[in-house]
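Student: Sequence:
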Amino acid sequence: MANGINWNPAFEALPFSPIRKMFNTASTMEDVLHLSIGQPDFPTPPHIIEAHIEALRDGKTRYEMDAGLPELRQALASFYNDRYGISLGPENVLITTGCCEGMFIALTGAVRPGAEIILAEPYFVLAHVAEMAGATLRCIPTTAENGYQLDPQEVIDAINDRTTAILLNSPGNPTGTVYPRETMTTICEVAAERGIAVISDEVYDRLILDDVEYASALTCAPSLDNMIMSSSVSKTYSMAGMRIGWVISSPENIETMQRPHMFISTTENTASQWAAVAALNGDQSCVDEMVAAYRERRDRVVELVSAAPHLTAYSPGGAFFITPSLPAGTDCFDVAMRMLTEARVCTVPGGAFGESCRNALRISFATSMDIIENAFARMTPWLEKQSF
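Each residue of the sequence shown is one higher than the one before, starting from 1 at the first, in our numbering.
Derived by calculation from the structure, the hints in this document are not laboratory data.
It should be emphasised that the depicted structure is a prediction, and the values quoted were computed from it without experimental measurement.
Cβ-Cβ distance ranges computed for the label pairs, FRET-style:
1) ASP157 / GLY134: 19 to 29 Å
2) GLY59 / ASN374: 41 to 51 Å
3) SER265 / SER306: 35 to 45 Å
4) ASP225 / PHE79: 15 to 25 Å
We put the CB at the ideal spot given by N, CA and C, even for glycine.
Using the sequences provided together with the hints, build the complete structure.
Tutor: Next up, the structure:
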């Protein structure tokens, strides 16, 4: 009899994260400056913390309804209605464990063995769960030279009889790219015409760094029938550890997604849900202040990347990432590891986000300006010594 567990081969579709490899290696070293962290460095706003504490003191520690705290579902519906001038109700909202659970349900539920899901490359690593469900990722490469913008015609041309879903991520991780309304509308309308699901990861939707109108799938899709939007409080309010996210879709789709949700997490942390209500219903100046800081950092990072040798700069329109490319043929994994060990600066190799960006590095500016300046003071001389 063989020893060990006979694991489902589908698990092999999930790669070990190079992001964690870099972080884990850096944690064994001293004097490392991190440009790798993908979470806000700001403290959670005090009124949100107080709401969380108050919920605990009031005994709000029991299970809540599996679809989510009714007050939170209503707060989210009201928030999006006010923001976009649409008409959502609580029945359009399912509360999940962060954005990740909602994306997991959408990416595994909207595909099947042999199906294809179309997405831009670079892409966030969570997309691989679609492969676990037997689907193939049909990637459309984008480049730093073009600001990683996605050509909607390339998406349309990639559609075939195996296409069941299109994954959109704006602002994007790892690129920070924000898609214009024309791109979003064109893709959403064609998908609706052809009966293809649109899965829109909008976790960075409040972190818009330029003075432009944000184009959400909620306002670009003809209806909610074939559209799933996922987001969370993690990035907007610096609440990543509270693990509260949501999906928005038609009531019928929400009811379907509620089934696997009941077996994955059953319900979310009750006190954290009350904190999320306070975040959505409270003063939003905390968000404005964080966005202003990210904008200042973005502008400085673009200057520093532009001045550094071998890196191709662009200006990310949202989130807190930039992914400059290195010369063609450069091995980003080798560069990132050598920069870590020799210059003590931790970045993320672009190859973690797809094969076409193996010559890129993801740099996070979710850190202080001092760390950014000091990190580039190490990186730039190190890059000057390299011959790619």
